[in-house]
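Please construct the entire structure, taking both the sequences and the accompanying hints into account.
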Amino acid sequence: MDTNKTVAVIGGGIAGMEAATFLSARGITVYLIEKEDKLGGHLLDWERLFPTMRNGSEVVKFLMDGVKADNIKIMLSSKLTAAEKSGKGYNLRINENVDLFADAVLVTTGYDLFDATKKEEYGYGIYDNVITSADLEKIFMSGKALQTKQGNVPKKIGLVHCVGSRDEKAGNVYCSKVCCVTGVKQAIEIKQKMPYTEVFNFYMDLRMYGMHFEALYKKAQADFGIQFIRGRLSEASEDQNGGIILKVEDTLMGKPLKLTVDILVLLIGLIPAKGSKEVGELFGLKNGVNGFYKTTDQHTLTNSSNVDGVFFAGACTSPKTITNTITDARAAASTVAAYLFNYRSLERKIEQNEDFWLYNTK
Amino acid sequence: MIEEGKEKVWKDYQKEIAEDNYFYARSCIRQNFFPGSEVAFLRILKELGKNLFDDPRHTTCTGIAYHSDIVPFDTTMTVVARHFALMTEAGLKNFVPSCITSFGIYTEVLELWRHHPEIEQKIKENLLKATGRTFEKPENLAHSSDIIYKFRNEIANKSKYRLVNKETGKPLRVVEHIGCHYSKMFPEKGVGGAEYPLVLTGMVQAWGGEVIDYPERRQCCGFGFRQYIVQANRGYSVACSKKKFESMAPYKPDLILTNCPGCPYFLDRWQYVVSEMEGVTYGENNGGIPVFTYEELAGMVLGYNPWDLGLQLHQVPVEPVLDKIGVQYKKEDKYKGVNGKDLGRPESPSCLKI
Amino acid sequence: MSFDWFVLPFSIGALILIVVLISRYILWVIKLSRADRRKSWRSVFSFKLFQAVWEVFNESLLHRKIFRVNALLGWMHMTFALGWFLLIVIGSVESKFHKEKVFNMPYDPIFLRYFEHDVHGFWFAEGFTTIMDTILLLLLVATIMAVSKRFFKWIYGMKRTTKLHPGDQIALASLWLIFPMRFIAESFTAGIYGNGGYLTQTAGDIFATFLPLKSLELGAWWTYSSALCLFFLFLPFSRYMHIPTEVFLIYLRKAGVKTPDNKLTGFSEFETYSCSRCGLCIDQCQLSETTGYDDQAVYFLQKLRRNILQEESSHNCLLCGKCTNICPVGIDITKIRLLKRTEFAPEMLFNYRHYENVIHHDERKVDVAYFGGCMTHLTPKIKIAMTGIFRKLNIRYNFVDENGSICCGRPLKLAGNHMQARDLMQENKRIIIATGAKILVTSCPICYNIFKNEYKFDKIQVLHHSEYLNLLHKEGALKLTPNEEKMVYHDPCELGRMMNIYEPPREILEKSGKLIPVQKEKNFADCCGGSLANLPLSEDNRRKVSKEALTKLLAPSPDILVTACPLCKKTFSNVSDTPVKDIAEVVYERMIE
Amino acid sequence: MKTFGYTIQNDRQIDFDAADKKLYRYVAEKEPDINLCIFCGTCTATCSAAEFKNMSFRKISLFLRRGLTENLKREIESCMFCGKCTLVCPRGINTRNIIFNIRKGIEEYEF
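Each protein sequence line maps, in turn, to chains A, B, C and D. Start counting at 1 in the first sequence, then tack on 13, and there's your number in the numbering used here. Start counting at 1 in the second sequence, then tack on 41, and there's your number in the numbering used here. Start counting at 1 in the third sequence, then tack on 201, and there's your number in the numbering used here. Start counting at 1 in the fourth sequence, then tack on 111, and there's your number in the numbering used here.
Derived by calculation from the structure, the hints in this document are not laboratory data. Don't take every hint at face value.
[Said to hold, decoys possible] Okay, derived cross-link-like pairs now, DSS-like style, lysine-lysine, Cα gap no bigger than 30 Å in a straight line:
no.: 1; chain 1: A; residue 1: Lys290; chain 2: B; residue 2: Lys49
no.: 2; chain 1: D; residue 1: Lys215; chain 2: A; residue 2: Lys232
no.: 3; chain 1: A; residue 1: Lys151; chain 2: B; residue 2: Lys47
[Stated by the list, open to error] These stretches of chain B come out as covered by chain A in the derived footprint (C-beta under 8 Å, 3 or more residues):
no.: 4; region: 47 to 53
no.: 5; region: 250 to 264
For each residue, glycine too, the CB sits at the ideal point set by N, CA and C.
This is how it looks when you write it as structure tokens:
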């Protein structure tokens, strides 16, 4: 049931791939535009996934199976450089030399990882043995043993939750949603690889909202003896042996606590992608208070933008788990189809429900 | 430690420091604690050919009283405004306080006015009513340690000594300690920021020394106004310093360098107190760790007579540092006044080796 | 005097056994309290001795209790015990006739056939031979049953049989050998000399047709004697120690000796060694169902005997009392287990002095002091029901622990901390007496147990609320409108087996609605699994126990499950879809104002 | 030694590097449930003893982890062993057995 419709999907991560799959199934021609030379986005850098510890590569493979369709044109190492309204659709320019027309645009530009050097007091990029959760995944992916810079097997490892999230000082007041459970997952992985290493997670709240997340947390405590200490890291220092001295308040004890770890892992949050900003400027897309794209409504019109014919999917509108992203991508495909084929469902309106009052900003 | 990481941070925290023509605001307490320091500052700047006005009409900034909750902030702001008026009257635009607390107060006042011009307006009226003076805000506010930092290389070029152990040829190991109010409140107002401040580190590196990064580098010296002023709270004040000593001692520092009126005083005197109360010392051979102000250290590398710098007023003797560097000095002159008369000897501590 | 070298193994074995037994028994008697020792001496010269002999006959020889529970097992035990006993007694008489002496060698009756070839020695000699052959036949059948029980326990209706340790295995093997060897030895001799009865002579004649009996005869008697010797030597270190010990236990019990409430004495040694390891307790134990449990009463006692008892074994028990309930020997295993805990209990670290005078209540004169108990605060419907009943019936009452209370002390005792429980008990007693009430009503069977048994109130009657409500109903103060809801009643362990309160709750429930019986009730009722007595039991295993007990209770598909203990209620509520109510709630709902 | 009219304050900071985890390990071996505590405080809220005295199972759980044996001993002494905390624990922790084993451990190591 081929149609003559075309959609440009900007961003070849999870959301882009899954949305392209479902759009193509409706006979829509899809241009899947990815700036890197591979599809998969951040998922390519992640070894195992919470809560089941499935390999990320399996999900990539699943998504790749979807985008094999003939009517999906995969454009790698491609950057959108100009966009111009043309009738109901858009003329798009890729890499200064390729032009194409799309009846609708689906933006799936995802997120960036928080730059941990912004939390100077944690010493990332300054102390030898401070790494981020993303660095840790890369070490896991490489198959190499986790070691200190000095080449020792770490006896104690600390993981700090909410780095760059829920932190006005870091400029991000929102919850990144995935780090809590990533912290638990990585703590377990460390214990699985090094059973004699003590692992400490420092948290302000543990948000185990998803199905099986609580079970993972309980397993971390019961089977792996991971210690969860409620208190946000205030400052880290380096000792003479390259160990990292952590100062937190043990908030449940109401006392400051000092602990030296051999490796400190910062569970960095998700921030609006630089790419989102660039793409947003091309189309005149509105950003929400937190810098992610602003969807038309919080509850209902979650894939629609302020610009006619431009839609969103995935983590470009807010931090999302893989499960959420895939679901959102399929929803977005549906929404785009509704737009292209004039489904009545898109005619529905809802009164705007502003979120500014939550932040006391204008 | 990844040095490039620190250098990257330092690049992010650079501030503008005026080249010349300073209005100097002295500290209330430094002239008693370390009387040679401010004199040395004046001498150094003079030798550098800089123009500086040391106005005798200048008073306290009210910092101690303000932080002890005795003086309301409106009063503080009016006093500060008067100092700005003195600067304006002297035709100067670059304000240089000697005291870190003052530096903090001035910064705070200026920041407040920046956000709330109506308050500035009110203070202007207050000052006019009270003294008939008017003022312009300084174009540049820098602490006197910023000035020395700015001219650290010039000082290095003129220096007679370097911070190097003449026996071993190795750089001296220096603990740097900035005053809390230098950059912890407004990191962007201090050279290098608050986490990895560069102001003192820059001096040490320029003069040949090596800075130690020890775990408790952020910890306050314990001065804390109310902690020290109320006798019953002094145990808390000592505890703060003690925490620092215990943390830095394993690194075997040769000296501590400071840029605040309180810090050198407390880091110096509390070593004596801890030794008397608990019998513990932190330096080599049961001695202490000598503490210097940045002016004293600058004066020392420039080859000034240690006793002119007031180094004899330190509780922890500075001679080990002088000997390591190879500074020429006369032992017998240590307790002589300016007039050459003997000032007498302080009582010897019972534990701390002098 | 008849003699051959083969009598030596038997004689030496028997001698050693007697020495070991006597020395052990003396040791245990010394460990009795002075009062108990006095009781046991005095009873020798009283009617109690005859009572004891009668019970020994009934239980140790006839095994009546096992008969009642399991006839097949009873028969096996009876033929072994009574048969062997008769074999010895009749054999002795027979040998005395043959030897024409009152005092002969102790081995004479055992090996009589070897030494006495004349079957017509005296007037009733053939009669004796026939009787002895009959007894031997019964014993051989019992041996076959015993062997088959090991391998086909289902025949005897048992899910599990006891596991054996090496001492037991040797004793068991030698026991299995004794009667077949006696049969073979006697048959061989009969085959040669013609002195057998209908069994041994027939067998002997058959053996003679194909075996060189003359050369095998002595070897058979050696084997028989050796099997006896082996059995005697291993008896003190095996389950068969119960055979001689139970006789003394029965006597001591008749003499009025008991295990005291606060510590174990020599009496519990007699109890411990009286365990025949019949294994009836194993299937009773609800924890058997939960994985890997091997501390059922029989094994607990075994560990105790072998002095390898670990703390975990003493604590990993619900103390529901079902094993004590079923035990044919009547060993108070629950009490032994509880008292054993005191030996492991940490002594220090609890300090209750600061509870003195912290609790005050109003000074009104009241008739009834109501003590909800800690757990009742987690089941507020019980509180509401009880206070509602008091108010509606205009009973002057005082809710002693309305605003919190000191624990009754029983949970501490259940953990082995008897001394520390005393501090709590003293203070609690003071508070209760201060109310001036004449009746103390409690909703918690755990509190009830200790209030009634150990608080020793002079002027206060202690009642569980089920008793109290039943009493009010009988007096006519409390009137009920029954409804059609089908109810089953769960007997709380502490109220039922511990305190023997079975009827009052049933009586009042029958007046409130339709009480339907359940398969396991009264003294056979299951534990809910919530027991405070078991320290190490995990939450998962607790839930398993609860669910199993619940399934049985709900088999008749009742509308509600009624119990009389806040802990049982709370425990069942967590796993039950059928509403679980306390008896007080049921009464409160249905009372007429 | 002089006093100067004041004493040097002790650091309130818990030095977790120096903490003695012996007792915690002892208890965790006997009753691994201790690892499951999420410090929600339900136990403390229902505690019969807590109505009259400082007694918080949540704190006990923390003191144990942090090696603060003296605090632990003080906190634990009011426990009456009634078992309410076990009934309310959302993580199904066998709290009574933990208290019992803490006492055993303290005795064993003679703290």
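Each hint tested on the structure:
1. A:Lys290 / B:Lys49: 25 Å, holds
2. D:Lys215 / A:Lys232: Roughly 27 Å between the alpha carbons, so the hint for Lys215 of chain D and Lys232 of chain A holds.
3. A:Lys151 / B:Lys47: With Cα atoms ~24 Å apart, Lys151 of chain A and Lys47 of chain B stay inside 30 Å; holds.
4. 47 to 53: holds (count 3)
5. 250 to 264: It holds: at least three residues are needed, and the region 250 to 264 of chain B offers 6 whose Cβ sits within less than 8 Å of chain A.
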